[in-house]
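Colleague: The lines below spell out each chain.
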Amino acid sequence: MCANAAGRAHSGSRSMIGFDAVGHDYGGGALFSDVSLTLEKGSFHFLTGPSGAGKSTFLKLCYGELRPTQGQISLAGQDLAAMSRDALARARQRIGVVHQDCRFLDHLSVEANVALPLSVTGRAVDEQNLSDLLAWVGLRGQAKALPPTLSGGERQRTALARAIITQPEVLLADEPTGNLDWEMSQRLMTLIVELNRMGTAVLIATHDLNLIRYVKTQVSARVLRLSRGKVIAAGAEL
Amino acid sequence: MSLHKLSDDLVPRSGQGVWLLGLSAAAMAFLAVFALALSVSAARLAQSWASGLAQTATVRIAAPADQVHEQAAIVLEVLRTTPGIAEARLIAVEEQAGLLEAWLGPDLPLDLLPMPVLIDVTETADGPDLQGLRLRLSAEAPGAVYDDHTRWRRPLAEAAARLRGLAHLSLGLIAGVMGAIIVLAASASLSANAQVIHVLRLVGAQDRFIARAFVRRITLRAALGAVAGMAAGLGAVLALPDPGAGSQVLTGLGFHGLDWLMPLSLPVLTALLAWVAARATAFRVLRGVT
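Here the protein sequences line up with chains A and B, keeping their order.
At position 146 of the first sequence the residue is numbered 163 (my numbering), and the sequence of numbers has no breaks.
At position 118 of the second sequence the residue is numbered 210 (my numbering), and the sequence of numbers has no breaks.
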């Protein structure tokens, strides 16, 4: 579904994130404009495009780190522009995000960082589940380590574990496998596909076509391409 | 680090601002102990002057030598028949010498001094009609002057009240400075941990959760500093040299009985002040962080 072709239907109950004629610029010209799309429950999207096209910006708009300079964004059915800080925080509790630069609390251990989304909402941390998750992403041995001591791949796996520990309704990931070997990339994608099958909407920004091909063998994923300020449907060739 | 204690560790422990906050709280609590000691001592002094001299008066008879004892007898008779006078007695020469000894030393040559005759008067709770009594005394014993001590008791009471007022002003200033220090420390801590706030926001933390993490740390440091400062202040007050029974001003500087609750409550009050100031600062700063 896409973009300018997808219409403006993001008001349904299945809509997790909706863009309505959204544009964004940094003051030096539009990065993209008139983007309309809907991330529905259980959908799986890839966002591709050349470096500098605005993929990271697009994701930041999706969870309200940035505000659009044009148009309207809705998170969980609420207009982002009208949301209070607390309402935005509640919306983010339903969204898991893997940032390209990971962003950890460097003074806390890997397990504490992974458990952070539970801790900030006062939810109990099931240490067995946490241990299983860390084992799944290959970080059981690093549970007590501090983030600055991790390799790039370990940081990405930690960020992914943190993003999915709450079983979010939406998972946004910015180049989540950029520092991983192919085997680990496949493993993590399998985990994400499992989440998607349980109803989590997924949007992954990546330029790794092999990754997209791999996922498309398992799930019906749609590919959006961000290019020349527009989001267009792509991926038929993949 | 236990995951159960995670909320206590969200804010990094490093940062000299919080350490300096503890030191400042200790210094302010130390000063507050002395201000409190001054306040309660001034109150006690004023109470002592007021209660010790209330309902007492002195009649001074300054008359030619051949008339002074006759006038004294008249005055005593007038006093005995005046409503509001509980007791009146002549102060013996030896007793007068004892009173003067504190000022002029022993072995006074009293026979060389023109000593007035003094009558010690105890009034009832209602007291006499002073104007009427003075009129009677001036008519029947012209050399008699009825002194109810108001003339010099009032300035002393006023001085004690001002001393107490200064102590309260000092406490107010200490609280104000402490509040300002807490606001600065909280602002510095929030600024220094902008990245922590950013990450917490991204994982869905609400403002009150983030604020609580900072406020808890600041309140704890301020309270611990106040405990240390209070302990040092109380130690210093207890170590003050005893000025002796003859001192009228410094005797009893410190705390007695329930007075001790005041310095002991300083850490609690400091924690309360820290909680209010840090919480208000945290929410103000967080409102400005997008």
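It is worth saying that the hints were derived from the structure and are not from the lab.
Quantities reported herein were computed from a predicted structural model and do not represent experimental measurements.
Note that CB positions come from ideal geometry on N, CA and C, so glycine has one too.
You may find that some hints are simply not true.
Which residues of chain B face chain A? A few of them, derived with a C-beta cut under 10 Å, are [unchecked claim]:
no., residue
1, D101
2, V103
3, Q108
4, W111
5, A297
6, Q298
Some chain A residues near chain B, calculated using beta-carbon distances under 8 Å [stated by the list, open to error]:
no., residue
7, E82
8, T86
9, Q87
10, R102
11, D103
12, R109
13, L133
Colleague: Hints numbered earlier in the text: which of these fail when held up against the supplied structure?
Modeller: Structure breaks hints 3, 4, 8 and 9.
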